[in-house]
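> For reference, the chains in residue letters:
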Amino acid sequence: MSIDLKTIKHISKLSRISVDEKKAEKLAGDLNSIFDFIEKLNELKTDNVEPLTSVAETTLKLRSDEVKSKNLRDQVIKNSPKENEDYFVVPKVIE
Amino acid sequence: MSDITKQSLSELVENIKSKKLSSSEVTKAFVERSEKSKELNTYITEDYANALNKAKKFDEKPNLDLKLPGIPMAVKDLFCTRDLRTTAGSKILNNFVPTYESTVTQNIWNEGAILMGKLNCDEFAMGSSNETSFFGNVQNPIDKNLVPGGSSGGSSSAVAAQLTPITIGTDTGGSIRQPASFTGTVGLKPTYGSCSRYGIVAFASSLDQAGPMAQNVKDCALLQEVISTYDEKDSTSIDFKRNEYSKELTKDIKGKKIGIPKEYRVDGMPKEIEDLWKKGIEYAKDCGAEIIDISLPHTKYALPTYYIVAPAEASSNLARYDGVKYGFRAEGENLIDMYEKTRSEGFGAEVQRRIMIGTYVLSSGYYDAYYLKAQKVRKLIKNDFDDTYKKVDAILTPSTPSSAFKIGEKTNDPVSMYLNDIFTVPVNLAGLPGISIPAGHDAKGYPLGLQIIGKAFDEQNILNIAYAMEEKINFKNNITDWWIK
Chain A
8 MSIDLKTIKH ISKLSRISVD EKKAEKLAGD LNSIFDFIEK LNELKTDNVE
58 PLTSVAETTL KLRSDEVKSK NLRDQVIKNS PKENEDYFVV PKVIE
Chain B
3 MSDITKQSLS ELVENIKSKK LSSSEVTKAF VERSEKSKEL NTYITEDYAN
53 ALNKAKKFDE KPNLDLKLPG IPMAVKDLFC TRDLRTTAGS KILNNFVPTY
103 ESTVTQNIWN EGAILMGKLN CDEFAMGSSN ETSFFGNVQN PIDKNLVPGG
153 SSGGSSSAVA AQLTPITIGT DTGGSIRQPA SFTGTVGLKP TYGSCSRYGI
203 VAFASSLDQA GPMAQNVKDC ALLQEVISTY DEKDSTSIDF KRNEYSKELT
253 KDIKGKKIGI PKEYRVDGMP KEIEDLWKKG IEYAKDCGAE IIDISLPHTK
303 YALPTYYIVA PAEASSNLAR YDGVKYGFRA EGENLIDMYE KTRSEGFGAE
353 VQRRIMIGTY VLSSGYYDAY YLKAQKVRKL IKNDFDDTYK KVDAILTPST
403 PSSAFKIGEK TNDPVSMYLN DIFTVPVNLA GLPGISIPAG HDAKGYPLGL
453 QIIGKAFDEQ NILNIAYAME EKINFKNNIT DWWIK
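These protein sequence lines map, in sequence, to chains A and B.
Here this note's numbering = 1-based position in the first sequence + 7.
Here this note's numbering = 1-based position in the second sequence + 2.
There's no promise every hint is true.
[To be verified] Subject to a maximum C-alpha distance of 30 Å in a straight line, what follows is the list of computed DSS-like cross-link-like pairs (lysine-lysine):
#1 B:K478 with B:K264
#2 B:K412 with A:K30
#3 B:K412 with A:K29
#4 B:K378 with A:K52
#5 A:K75 with B:K327
#6 B:K343 with A:K30
#7 B:K457 with A:K47
#8 B:K302 with A:K33
#9 B:K287 with B:K474
#10 A:K52 with B:K302
#11 B:K93 with A:K33
#12 B:K412 with A:K33
#13 B:K253 with B:K457
#14 B:K253 with B:K478
#15 A:K75 with B:K235
#16 B:K384 with A:K52
#17 B:K474 with B:K259
#18 B:K446 with B:K264
#19 A:K29 with B:K408
#20 B:K302 with B:K273
#21 B:K378 with A:K20
#22 B:K343 with A:K33
#23 B:K280 with B:K478
#24 B:K327 with A:K20
#25 A:K47 with B:K302
#26 A:K85 with B:K327
#27 A:K29 with B:K93
#28 A:K75 with B:K243
#29 A:K99 with B:K327
#30 B:K384 with B:K302
#31 B:K259 with B:K273
#32 B:K281 with B:K408
#33 B:K392 with A:K52
#34 B:K19 with B:K59
#35 B:K343 with A:K16
#36 A:K99 with B:K93
#37 A:K77 with B:K327
Everything labelled a hint here was simulated from the structure, so no lab data went into it.
A quick note: this is a predicted structure, and the numbers were derived from the prediction, not measured.
Could you build the full structure based on these sequences and the hints that come with them?
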């Protein structure tokens with residue numbers, strides 16, 4: 008299989024990473040060589056194999072539903088690149 | 003004592019406990035050596051003044067019952083440290099100052115250790131040579147212009163160069179064991195669920211584990227016993243009985259069955275690695291172990307599986323970096339434009355590549371063909387280990403398919419870089435513990451490592467085997483301090 012520039016543009020949109028033509032071409036080359044290597048998996052028949060989603064064979068523990076951390080507003084907002092009092096600021100979304 | 007930085011962690015602990023050394027003397031010695039070693043570029047953030055203050059405070063009222071009394075330590079910059087910048091080696095977190103502490107580092111400070119600074123690593127731990135870091139290459143103290151391995155390259159370099167008595171790294175596909183092997187140090191990747199992932203910048207959540215990197219096996223066991231705790235803040239932390247690994251450490255491994263997997267004899271493996279492995283088998287026999295030939299038939303599918311699973315999880319984990327809540331932001335014409343520019347300018351090339359791979363394999367129409375397929379193969383790989391462990395107690399392999407390579411040698415070929423992890427990746431996919439110990443040198447004098455893989459939760463057993471073999475191997479690192487003027 009081959010990943011073309013159109014596919015790269017599509018993935019870049021899904022990934023929210025902007026790419027120009029030059030970067031797209033480089034990425035297409037890299038991804039094609041990586042997927043050539045990944046395609047090896049198609050040698051294996053896996054129809055009756057259960058997918059492994061977690062190696063930890065335990066069920067998730069339950070805990071009581073109580074608030075343990077409180078009043079974290081200042082901490083939460085502390086690292087934001089742009090804030091206005093208690094809010095994160097983003098470019099205007101609604102016209 | 004002029005040779006403080008030459009002492010192992012266990013010796014330093016002993017000397018502080020018996021009051022032959024103070025925490026201030028020890029901390030000062032490591033800070034001074036770190037300051038003289040800037041050329042190695044091991045530190046991203048130094049915190050020396052605070053460290054010296056904390057050491058002074060410790061000495062005023064020393065608690066000598068602790069396991070790491072007043073011991074200075076630098077840690078990989080993937081662990082969140084409260085009030086000290088944590089970058090994950092990325093521009094996107096260049097100014098991030100956590101308001102909380104990772105569980106693993108908190109465990110370390112609770113036992114009396116003192117933070118000296120944050121160590122360089124590949125960006126978001128994605129790399130095998132520390133060359134993807136926004137903060138530049140790290141030099142391997144073994145030789146100039148040699149990579150220290152990755153992603154925990156600042157950690158391996160700092161331990162080998164004796165800038166910190168011991169450290170912690172993280173290992174998603176080999177990021178503790180491969181750099182340990184490249185620098186002649188010991189690195190343990192614990193069982194998945196052994197060390198809490200809380201407060202560690204996430205890469206691939208079903209594979210990531212923190213672990214110790216040390217000068218010797220005993221030190222490694224001591225730190226593992228400190229960092230491995232059950233933690234309700236990590237839903238995949240496992241509540242099992244943890245040993246006091248350093249106290250229960252023994253060189254008596256008579257009768258232990260050690261498996262040698264034929265599939266690890268890969269095409270094009272250098273003769274030096276083959277010879278090292280043979281020597282390792284002889285050492286294990288000398289220690290009284292029984293050697294058994296085994297087969298792990300799906301080994302060759304581990305790397306392709308990893309390069310679906312890890313990027314898929316990474317693309318999901320790294321979606322949080324959007325320029326809004328924390329980290330770097332690039333201005334854009336609108337919200338989407340701001341996201342796209344932030345991520346394009348904030349992430350480096352390797353991270354972008356992996357996010358794109360992950361996004362693709364999870365995208366509509368490709369999920370079954372790639373991601374689901376990889377999860378199924380992952381099951382087969384785990385089954386191989388489960389079957390094998392009915393016959394053996396541990397598995398012995400080389401840690402890496404080569405010794406350390408030159409800076410820049412593999413940066414243009416992602417697949418050849420990925421092949422570095424061929425012997426370490428299966429262990430992460432199966433969630434098992436693995437330890438790399440230095441076992442010899444190649445013709446250039448560069449260190450080579452052997453890996454011992456254990457059953458889940460059987461860290462004690464592989465530490466014991468490593469401890470017994472370490473004595474027989476009697477490895478000596480050739481470090482000349484070439485970077486100190």
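> Against each hint, give a clear statement of whether it holds in the structure.
Against the structure, the hints:
In summary, the hint linking K478 of chain B to K264 of chain B is supported, as the alpha carbons are separated by about 29 Å, within the 30 Å threshold. A distance of roughly 19 Å separates the Cα atoms of K412 of chain B and K30 of chain A; the hinted pair therefore holds under the 30 Å criterion. Restraint check: the Cα-Cα separation between K412 of chain B and K29 of chain A comes to about 21 Å, which is no more than 30 Å; the hinted pair holds. Among the hinted pairs, K378 of chain B with K52 of chain A is consistent with the structure: their alpha-carbon atoms are about 10 Å apart, no more than 30 Å.
Only pairs whose Cα atoms come within 30 Å are accepted, and K75 of chain A paired with K327 of chain B is accepted, the gap being roughly 22 Å. The suggested pairing of K343 of chain B with K30 of chain A holds, with an alpha-carbon distance near 14 Å, which does not exceed 30 Å. With a C-alpha separation of about 28 Å, the suggested pairing of K457 of chain B with K47 of chain A holds against the 30 Å cut-off. For the hint pairing K302 of chain B with K33 of chain A, the CA-to-CA distance comes to about 27 Å; that is within 30 Å, so the pair holds.
With a CA separation close to 11 Å, the supplied pair K287 of chain B and K474 of chain B stays within the 30 Å bound. Pair hint K52 of chain A plus K302 of chain B holds up; C-alpha atoms about 15 Å apart against a cutoff of 30 Å. Between K93 of chain B and K33 of chain A the CA atoms are separated by roughly 21 Å; this keeps the pair inside 30 Å, and the hint holds. Restraint check for K412 of chain B and K33 of chain A: satisfied, since their Cα atoms lie roughly 16 Å apart, inside the 30 Å limit.
Between the alpha carbons of K253 of chain B and K457 of chain B the distance comes to roughly 18 Å, so the proposed pair stays at or under 30 Å and holds. For the proposed pair K253 of chain B and K478 of chain B, the alpha carbon gap of about 19 Å is at most 30 Å, so the pair holds. At most 30 Å may separate the alpha-carbon atoms for a hinted pair to count; K75 of chain A and K235 of chain B meet this at roughly 11 Å. At most 30 Å may separate the alpha-carbon atoms for a hinted pair to count; K384 of chain B and K52 of chain A meet this at roughly 16 Å.
Between K474 of chain B and K259 of chain B the alpha-carbon distance is near 18 Å, which keeps this suggested pair within the 30 Å criterion. For the given pair, K446 of chain B sits about 27 Å from K264 of chain B by alpha-carbon distance, which is consistent with the 30 Å threshold. Note on K29 of chain A and K408 of chain B: the hinted pairing holds, with a Cα-Cα distance of about 28 Å set against a maximum of 30 Å. The hinted pair formed by K302 of chain B and K273 of chain B meets the criterion: a straight-line CA distance of about 20 Å does not exceed 30 Å.
Between the alpha carbons of K378 of chain B and K20 of chain A the distance comes to roughly 29 Å, so the proposed pair stays at or under 30 Å and holds. This hinted pair checks out: K343 of chain B and K33 of chain A have alpha carbons roughly 18 Å apart, not beyond 30 Å. Using a Cα cut-off of 30 Å, the hinted pair K280 of chain B and K478 of chain B holds, with the two alpha carbons roughly 19 Å apart. Simply put, K327 of chain B and K20 of chain A have alpha-carbon atoms about 21 Å apart, close enough for the 30 Å limit, and the pair holds.
In summary, the hint linking K47 of chain A to K302 of chain B is supported, as the alpha carbons are separated by about 9 Å, within the 30 Å threshold. Only pairs whose Cα atoms come within 30 Å are accepted, and K85 of chain A paired with K327 of chain B is accepted, the gap being roughly 9 Å. Note on K29 of chain A and K93 of chain B: the hinted pairing holds, with a Cα-Cα distance of about 22 Å set against a maximum of 30 Å. A threshold of 30 Å between alpha carbons decides the hint, and for K75 of chain A with K243 of chain B the separation of about 26 Å falls inside it, so the pair holds.
Between the alpha carbons of K99 of chain A and K327 of chain B the distance comes to roughly 16 Å, so the proposed pair stays at or under 30 Å and holds. Our distance criterion of 30 Å between C-alpha atoms is met by K384 of chain B and K302 of chain B, whose separation comes to about 13 Å. With a C-alpha separation of about 26 Å, the suggested pair K259 of chain B and K273 of chain B falls inside the 30 Å cut-off, and the hint holds. With a C-alpha separation of about 26 Å, the suggested pair K281 of chain B and K408 of chain B falls inside the 30 Å cut-off, and the hint holds.
Of the pairs offered as hints, the one joining K392 of chain B and K52 of chain A holds, with about 25 Å between alpha carbons and a cut-off of 30 Å not exceeded. As the CA atoms of K19 of chain B and K59 of chain B are separated by approximately 16 Å, the hinted pair is consistent with the 30 Å bound. Of the pairs offered as hints, the one joining K343 of chain B and K16 of chain A holds, with about 15 Å between alpha carbons and a cut-off of 30 Å not exceeded. A hinted pair counts as satisfied when its Cα atoms are at most 30 Å apart, and K99 of chain A with K93 of chain B qualifies at roughly 25 Å.
In summary, the hint linking K77 of chain A to K327 of chain B is supported, as the alpha carbons are separated by about 19 Å, within the 30 Å threshold.
The earlier numbered hints are all upheld by this structure, with none contradicted.
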